[in-house]
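**Q** Chain residues, written in single-letter form:
Number of protein chains: 2
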Amino acid sequence: MRQYVVHEVIRRTLITNPDQLVVSGNTHLTYAELYGRVLRLANSLKELGIGAGTMVGVLDVNTHRFLELHYALSMLGATLHTINFRLSPEQMVYSMVHAGDEWLFVSDTFMGAVKPLTAKFPKWVVMSDDPNYPLPDVSIAYRYEDLVASGVERELPEADRVQDTDIFSIFYTTGTTGMPKGIRYQHRQILLGALQLFHHLALHTAGARVSSGDVFMPLIPFFHIHAWGMAFFPAYIGAKLVLAGAAAPDEQVKLIQQEGVTWLNMVPTQLYMLLGQPDFGNVKILTGGSPLTSGLSRQAAARGVKFSLIYGGSDQLGTAISVVPEDVAPDSPEALEWLRVGMRPLPMVEVSVRDKQGNEVPHDGHTIGAVWVRSPWLPEGYYKEPELTTNAYINGWFRSGDLGMFYPNGGLYVADRERDAVKSGGEWIPTGMLEALLSEHPAVGLVAVIGRPDERWGERPVAVVKPVADVTAADLREFLQPKVAEGKIASYWIPDAFEFVDDIPLTSAGKINKVVLREKFAV
Amino acid sequence: MRQYVVHEVIRRTLITNPDQLVVSGNTHLTYAELYGRVLRLANSLKELGIGAGTMVGVLDVNTHRFLELHYALSMLGATLHTINFRLSPEQMVYSMVHAGDEWLFVSDTFMGAVKPLTAKFPKWVVMSDDPNYPLPDVSIAYRYEDLVASGVERELPEADRVQDTDIFSIFYTTGTTGMPKGIRYQHRQILLGALQLFHHLALHTAGARVSSGDVFMPLIPFFHIHAWGMAFFPAYIGAKLVLAGAAAPDEQVKLIQQEGVTWLNMVPTQLYMLLGQPDFGNVKILTGGSPLTSGLSRQAAARGVKFSLIYGGSDQLGTAISVVPEDVAPDSPEALEWLRVGMRPLPMVEVSVRDKQGNEVPHDGHTIGAVWVRSPWLPEGYYKEPELTTNAYINGWFRSGDLGMFYPNGGLYVADRERDAVKSGGEWIPTGMLEALLSEHPAVGLVAVIGRPDERWGERPVAVVKPVADVTAADLREFLQPKVAEGKIASYWIPDAFEFVDDIPLTSAGKINKVVLREKFAV
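Chains as they are written, first to last, in this note's numbering: chain A, 1 to 523; chain B, 1 to 523.
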């Protein structure tokens, strides 16, 4: 029996689409060529002693080399630690020591910044287009391209011994508080979880529907759940893949046009930046990680961008994707709104929204509760953190730490991180919904709602606004007031204060950094 | 962790599509109602002692009751034996004894024919719309609807203990020679294998592309690989399902129109019969099991039917589906031809075409070899038949017994069963290709090419033709001759004889019965 393991994904391209391209900077490789490079790399790495269970840290933007490492390490049964380069240096080192990285593969993009690591990690492989790129001063160091050039191009017998329950990779979450947490993925978990997103996207006609004719460009970095599965999916279906490396938004637009990119993934802040660029054609975009404001969604639609929203994360993998309900006309404003807020659990996934007693809340479109998730690809917990694991993973369920609610038609709205929600007079105020409403005001660029401690109510909401035109607190209050009568918000949701700022700080993952905002505005 | 097991497929409909319909005869059930019936049935069956590992034989056409049994038995961890009602009575009894059926669930459609079984099998459940349908004269007998009515509607704790490697079902293949062979499917095998077909169909734009908006009607019976996965897929995506029961082709057409059916599966002979019916709208059809002739494919296209061809089987599950290559215009005659003959292995599946020495043959569009298949859902072999298993399943590969070849672009053509191919002068003549070419002649209705023993060449091809207009052997020879110059066939492929018949016998699975034809024409 063939195992459900990562390296099997790419073998099929040899028969179905050997000439299809992977584009990475100036490098254009066919799948057949890429497969040859993977085999040669894997054979070289085997000679270096990398094999079953070896922990290999990789620090790179989205390049063909990072992609190749996915498949070569999979064949060897080694574990790929996709190093989260948006962590602070201290947290990054913590994650590498915690994971037990034996080898580091570092691209030239990062070599300048990570030299201090040479004292801690003795075995390096440097990845660069430059054949003479200087090696770091460590006991063992190679150039990646030398390993590819010197490797034998033949199948590895150990590849057939890798089991689908073996660990394929490990990732450390961006912690806004505390040290990063590691999550390990079995081959079958990462494949089933990541690919199910695309199966679901293919089965629904609206939004960012995928097909084998699409040209894919992930703007989510490989380190983050393998670019939300983009390290696997294009090869899985034999489609063209464009890797943006360290390209800035204007260069990304150039790539979209040059390579005929039709499908991208990105977080909403990247979408915001991309929409600031001149025209880039009718692309499809999968976004998520934080709520999409209706302002942004309308801007995107006006630009011919079809989008879908995803809900998931590194500690639960793929959970839900927005869909247009069957009784809603596909191109209506209502459909656009469903794509922005109304998600459906992926097939095989069960989502339960629960109150404090752990009982399911009514699916009435306004009762908010904690989001619990159950799926066949749920990770087993946090690596070497039994206590954190026990708190989050209970009886086969993952307590996501998110707040959400179900609409009567089964649409799931994920409102907030539980710790980001404002609790006023014992009631949760979903800041994400408030932010979405405020973003509809033409003068509002970015907006974040945080809780300010309040003697009487416990907490009261404060809106931090980055305006794009003249606007006052009174204007925004007046803008929100009618939404109370319309039943969209409760009167006590209206923020007590509006703070206007030049810029809103983002986390390493590109989300609004509410911790920093709270330190500044909620004291 | 949620297991990848059959009964989890339907739970999600409770949130996403509780009001979506399953139509079966005069019965219209929402998924929510169906789920309630499944729970009540499962609780009743539990009281009767049906539990982990109990072997339950089910004899029914495609009805909601058969569908419910899939999910109820899955929750109990029991094994569903989908009895192949196209077997001869002797073979059917053989399969039931070989599987070890403890309970028989028999619909009224079959009660007349199977009364002789009452002596052998003591525990019966009768399925009928008639609440007073007479019970058979056995020691233990119930009416299905009574069990549903009396059952408690609550979740079963044992449902959460079912593992994805547990056996879900067993099926006995239609043997044209020898006794039927049993193949057991684990939950994960049957789900991954069956659902991957639909994932693939959703990811490619041409042919029978599926989406969540489709209305599905399987004309493949549930006994055959769960109607090629149709027992799972509509629920998996929350789509409407129409079950045709024992409906004749004209009644099927009525159902298509009444219920808005957009997607069907069937074998080519069913397609042939359906095309004989008046207009039934623009439907999509998945077909396979035997090669589709180009005549039939053009007829279908002319009627607005979009079709895809599948390659797989009960002993390998889903393997390949026809696609239009990326460089072919989707609506061209060439695209139609690719949909008819050019398949791609499903993602995660590897197909290898080998010569007698076990070496891969060149992918040149004419070298024919034996088709070997490797996939994550390959069954483990034939139940209690170690010798047959050893012959067919080798080192993780399944030797399909089919002949095929690869086109240079990766398209897979499956020509024939190895045992059906004609071997002339040491070379294989792919009868399927010959049949397809002959079917292009306007006077040819059905055609089958078989081998007649020949002293000089070993075997020589004979074409058995069911004409729809006046035609002679000389006409057909003249029709084939130019194809030699066109490079489509070799000159020695042209049949030595043409036999004209009033009808061509079919096997129990609806394929042309070449065994019978050989007995008559190849001696």
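Honestly, I wouldn't trust all of these hints.
Here are the simulated lysine to aspartate or glutamate pairs, DMTMM-like style, with alpha carbons at most 25 angstroms apart [as the list claims (entries may be wrong)]:
(1) B/Lys356 to A/Asp160
(2) B/Lys306 to A/Glu326
(3) A/Lys306 to B/Glu326
(4) A/Lys356 to B/Asp130
(5) B/Lys356 to A/Glu155
(6) A/Lys356 to B/Glu326
Residues of chain A placed beyond 10 angstroms of chain B at every Cβ, according to the derived structure [as the list claims (entries may be wrong)]:
(7) Ala52
(8) Tyr142
(9) Gln299
(10) Thr472
Label-pair restraints from in silico Cβ distances [said to hold, decoys possible]:
(11) B/Pro362 to A/Glu387: 51 to 61 angstroms
(12) A/Thr165 to B/Pro386: 33 to 43 angstroms
(13) A/Glu380 to B/Pro89: 42 to 52 angstroms
(14) A/Pro157 to B/Pro386: 23 to 33 angstroms
(15) A/Pro157 to B/Gln163: 22 to 32 angstroms
Hints in this document: simulated from the structure, not taken from any laboratory.
Yeah, the Cβ is synthetic: ideal placement off N, Cα and C, and Gly gets one too.
**Q** So, for every hint listed, does it hold in this structure?
**A** For each hint, the structure was consulted:
1. B/Lys356 to A/Asp160: holds, 24 angstroms
2. B/Lys306 to A/Glu326: holds, 23 angstroms
3. A/Lys306 to B/Glu326: At roughly 23 angstroms apart (the allowed maximum being 25 angstroms), glutamate 326 of chain B and lysine 306 of chain A satisfy the hint.
4. A/Lys356 to B/Asp130: Given pair lysine 356 of chain A, aspartate 130 of chain B is violated - Cα atoms ~48 angstroms apart, limit 25 angstroms.
5. B/Lys356 to A/Glu155: holds, 23 angstroms
6. A/Lys356 to B/Glu326: Between lysine 356 of chain A and glutamate 326 of chain B the Cα gap is close to 53 angstroms, so the pair fails against 25 angstroms, i.e. violated.
7. Ala52: holds, 19 angstroms
8. Tyr142: holds, 32 angstroms
9. Gln299: Check passes; 27 angstroms lies beyond 10 angstroms.
10. Thr472: holds, 43 angstroms
11. B/Pro362 to A/Glu387: 51 to 61 angstroms: Hint holds: Cβ distance 59 angstroms, inside 51 to 61 angstroms.
12. A/Thr165 to B/Pro386: 33 to 43 angstroms: At roughly 27 angstroms between Cβ atoms, proline 386 of chain B and threonine 165 of chain A fall outside 33 to 43 angstroms, so the hint is violated.
13. A/Glu380 to B/Pro89: 42 to 52 angstroms: holds, 51 angstroms
14. A/Pro157 to B/Pro386: 23 to 33 angstroms: holds, 26 angstroms
15. A/Pro157 to B/Gln163: 22 to 32 angstroms: Holds, at about 30 angstroms.
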